[in-house]
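Starting from the structure of chain E, add chains B and D where the hints point.
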Amino acid sequence: MRELTTSDMFWLLFAARWTIALTVVSILGGSLLGAIIMVLRVIPFPPAKAVAILYINLIQGTPALGQLFIVFFGFGVFGYDVSPWFAATLAFSLYSAAFLGEIWRGGVHAVPHAQWEASASLGLSTLQQLRYVIIPQAFRLSIPPTIGFWVHLVKNTSLASVIGFIELTRAGQIINAATFRPMTVYLTVAAAYFVICFVLTQLSARLEGSLRVAR
Amino acid sequence: MSLVEIENVHKSYGDIEVLRGVSLRIEEGEIVAIIGRSGSGKSTLLRCINGLEPIQSGTIRFDGQQVNSADTDLRKLRQKVGIVFQSFNLFPHLNAERNITLGLTVVKKMPPDEARTIARKVMTQVGLEDKLDAYPDMLSGGQQQRVAIARSLAMSPKLMLFDEITSALDPELIGEVLTVLAGLAEAGMTMMLVTHEMGFARNVAHRLVFMHEGEIWESGAARAVLDDPQTPELKSFLGSVLI
Amino acid sequence: MDYTFRFRDVLREQDLLLEGALVTLQLSGVSIVFGLLIGVLGAAMKTGHYAPLRRIAGVYVEIIRNTPLLVQLFVVFFGLPSIGIKLGPMQAAMITLSINLGAYTTEIIRAGVEAIPRSQIEAGMSLGLSGGEVFRYVILFPALKKIYPALASQFILLLIATSIVSQIAAEELFHIGAYIDSRTFRSFEVYTVITAMYLVMALFFRGAFAAIYHFVFVRR
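Protein chains in written order, with my numbering: chain E, 1 to 215; chain B, 1 to 243; chain D, 1 to 220.
Here chain E stands alone, though its shape is the one from the complex:
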């Protein structure tokens, strides 16, 4: 047991960079796959829709913690050892894809049906309709809930601590184990998350307000 020092606190807060890095990489991966999920979900081809719905239900119906463990230990099954960082970014990308795909589908469905008819009348293919007419309109509507999901993801990256990835929460556990000052340490960790999430929440609220006015 030793005293909690300023440099401990500094190290702790600095671990936020790994929380942010994990979030950002997962958002990037999740957005790519999420876009595919969204397209599968809205094109008029039932098997594609079924695959997308199955995927979304699997991810949204199970604990992120379980998904994390399955990915982490799953590679062992095939004889590969992967780092916690790799497992966490992969698991959270797969996780994000389901949520983002569903959010964006909601945005696409909010665009009036007449827009599909009008663009089809111009002879555009389904993907062209999405690309040039529907998605540009759905995009604005989807921004606030998308940022809302980012907040959710920032918080959920704390679960990566469980497989030993050193981000904010894991850093808190390490410092606490050495100094045993749980209240100070975990409230500091909570405050760090709060700052990151609150900034995003405010941004989302502001965008929601301005988008409503602009329409």
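Hint data in this document are derived by calculation from the structure and do not stem from the laboratory.
Fair warning: this is a prediction, and the values are worked out from it, not measured in the lab.
Incorrect hints may have been included.
[To be verified] Here are the computed distance ranges between Cβ atoms for each label pair:
#1 B/Thr-105 to E/Leu-203: 46 to 52 angstroms
#2 E/Phe-180 to D/Gly-131: 52 to 58 angstroms
#3 D/Gly-207 to E/Phe-180: 45 to 51 angstroms
[Claimed, not checked] Where chain D lies over chain E, by a calculated footprint (3+ residues, C-beta under 8 angstroms):
#4 70-76
#5 159-165
#6 174-183
#7 187-197
Even glycine gets a Cβ: it sits at the ideal position worked out from N, Cα and C.
Coordinates of chains B and D only, in the frame set by chain E:
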């Protein structure tokens, strides 16, 4: 004593004064149509009469009772003043019969059987006796508005207020609602209606009030006011609406 | 690939697994009841006329919604004892989950109340209904209908999120999984089975909530 006595009423929303010293009396059995541009204060005036909008100064008396007084039980007063809104405002989770009997059973504590008898009677009066079980979203706009009229009528009010009740309707549905109003007029109901239907105002209303910028600009017998407008404001208003 | 799947080692522990699932359901049930009570209270404060209460409710909602459940759990379970409040893992789990859910239900209920058109209230008042009667006959049912789907999905999210309390050794399903893992060293199989069990529970309750909605709110 007149049924409605409005004296020098002022009302503002923040900095905007919507009623600037309005005075008006309405006798029992009288039908008064209020016309004017949007924003002239005509709907606000109507809503002040049953206390939906508070006023800053002046007095409003209904049936001898002051509306704008802390001592007045607005619940009692509102039972005697029916109001029908532009957007129908039927309760979406209740069928037509329950929309009508709600006030009777809850406010007037009437036994359900008696309330249902009244519901049937007023629905017959508006020509919808076969729609008692229908929910609002199963009815056309015109039918919904007729149920809303029946709902007010069921409370046997002494005065009925109509706030642009045909403005949200498709043109082909306006007639059926106006027919119901004409029936009420014939039965001697005291009515105040804010309307854009000039033909109807001319034929049914006894008196016509033209409001402009929060004031009563012109008033008098309906035909006289419409045929011989005295002020440029009314002339221009009449010129801008189709008669 | 020379790995042999040994699901049987895991499934042999079915009694333990079912017991864990039962604890998960109990934990969810208790947290939903208390979370809902907190939510009603929070929404009443947030939509009320008294500014200090509005602010308190607002701060509560923002703090909870902008911090991870895992860290909230650590503060309650590891932090509170240092100021003299000692809680067992199960107590800490129930308290944290209730407080966490309460913040989300506060927002859902508040949005439902605020979504009721002013014109409906006016129409009720114009019939002579009192404030309480307007609430009971005009507002309540449509508002419940409106917030029910959001509440139901929040409850399912909570059911899934209870897995996180395994990290303070509360003995629900996920913790049982870790226990079986420590005895069998079949991590992949264990967590696949556990995760599938959450899926079954989530899908069951989603179906049940939809059936309740249909039964209560859809007119026949």
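Can you give the numbers of the hints that this structure goes against, from lowest to highest? No hint contradicted; all consistent.
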